[in-house]
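Participant: Please take these sequences and the hints and turn them into a complete structure.
Residues 1 to 84 (UniProt numbering) make up the sequence shown, in order.
Calculated directly from the structure, the hints in this document are not laboratory data.
Worth double-checking, as some hints may not be accurate.
[Stated by the list, open to error] Below, computed lysine to aspartate or glutamate pairings styled on EDC-like, alpha-carbon distance capped at 20 Å:
| id | residue 1 | residue 2 |
| --- | --- | --- |
| 1 | 81 | 61 |
| 2 | 70 | 58 |
| 3 | 70 | 52 |
| 4 | 70 | 32 |
| 5 | 70 | 30 |
| 6 | 70 | 26 |
| 7 | 81 | 52 |
| 8 | 54 | 73 |
| 9 | 81 | 58 |
| 10 | 54 | 77 |
| 11 | 54 | 30 |
| 12 | 81 | 12 |
| 13 | 81 | 26 |
[To be verified] Quick list of simulated restraints, FRET-style, between CB atoms:
| id | residue 1 | residue 2 | range |
| --- | --- | --- | --- |
| 14 | 64 | 23 | 13 to 21 Å |
| 15 | 38 | 12 | 26 to 34 Å |
| 16 | 12 | 45 | 24 to 32 Å |
| 17 | 23 | 84 | 16 to 24 Å |
| 18 | 84 | 40 | 23 to 31 Å |
| 19 | 24 | 54 | 13 to 21 Å |
| 20 | 67 | 23 | 15 to 23 Å |
| 21 | 35 | 10 | 25 to 33 Å |
| 22 | 67 | 38 | 25 to 33 Å |
Beta carbons: idealized from backbone N, C-alpha and C, even for Gly.
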Amino acid sequence: MSENVSSTLVPEIRAVLAQHGRFPVENLAEGDDLYNAGLTSLATVAVMLALEDKFNVEFPDNLIGRRTFKSIESIAEAITKLAA
1 MSENVSSTLV PEIRAVLAQH GRFPVENLAE GDDLYNAGLT SLATVAVMLA
51 LEDKFNVEFP DNLIGRRTFK SIESIAEAIT KLAA
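Facilitator: Here you go:
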């Protein structure tokens with residue numbers, strides 16, 4: 001992930017995860033597995049909807065899955081592609 005994407009999206013993604021993810025995100029690195037940290041399938045839906053609202057994007061069916069929401073980095077990459 002480019003530094004520019006990281007510096008702009010990561011803090012906002014962290015804020016969404018903190019509010020809707022229902023698990024602590026403060027000490028997570030960008031590449032850490034969010035599911036291992038406590039993200040559930042149900043919380044993933046809430047996070048996805050909040051991200052769609054925040055970034056004015058819509059996740060297509062092929063991006064709705066564990067691979068997209070596995071880490072802060074993978075979420076940022078997906079949002080970058082969707083916003084392009």
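Participant: Would the pair residue 70 and residue 32 pass a check requiring their Cα atoms to be no farther apart than 20 Å?
Facilitator: The given pair, whose Cα atoms are some 8 Å apart, holds under the 20 Å limit.
Participant: Determine whether the Cβ-Cβ distance between residue 84 and residue 40 falls within the hinted range of 23 to 31 Å.
Facilitator: With Cβ atoms ~30 Å apart, the hint holds.
Participant: Given the hint of 25 to 33 Å, check if residue 35 and residue 10 actually sit that far apart at their C-beta atoms.
Facilitator: The hint (25 to 33 Å, Cβ to Cβ) is violated, given that residue 35 and residue 10 are roughly 18 Å apart.
Participant: Taking 15 to 23 Å as the stated bounds, is the beta-carbon spacing between residue 67 and residue 23 within them?
Facilitator: About 19 Å separates the Cβ atoms of residue 67 and residue 23, which means 15 to 23 Å holds.
Participant: For residue 54 and residue 30, compute the direct alpha-carbon distance and say whether it is at most 20 Å.
Facilitator: 19 Å, holds
Participant: Look at the Cβ atoms of residue 23 and residue 84 and judge whether their distance stays inside 16 to 24 Å.
Facilitator: Violated, since residue 23 and residue 84 (Cβ atoms, about 29 Å apart) do not stay within the stated range.
Participant: Is the Cα-Cα distance between residue 54 and residue 77 20 Å or less?
Facilitator: 15 Å, holds
Participant: Does the Cβ pair residue 12, residue 45 satisfy 24 to 32 Å?
Facilitator: The hint (24 to 32 Å, Cβ to Cβ) is violated, given that residue 12 and residue 45 are roughly 19 Å apart.
Participant: Taken at face value, is the distance from the CA of residue 61 to the CA of residue 81 at most 20 Å?
Facilitator: Distance ~14 Å between residue 81 and residue 61 Cα, so the pair holds.
Participant: If you check the beta carbons of residue 24 and residue 54, does the distance land in 13 to 21 Å?
Facilitator: 20 Å, holds
Participant: What's the verdict on residue 81 and residue 26, does the C-alpha distance respect the 20 Å limit or exceed it?
Facilitator: This hinted pair is violated, its Cα atoms lying about 25 Å apart.
Participant: Has the given pair, residue 70 with residue 30, been kept, meaning a C-alpha gap of at most 20 Å?
Facilitator: OK: residue 70 and residue 30 at ~10 Å, within 20 Å.
Checked against the numbered hints above, the structure violates hints 13, 15, 16, 17, 21 and 22; every other hint is satisfied.
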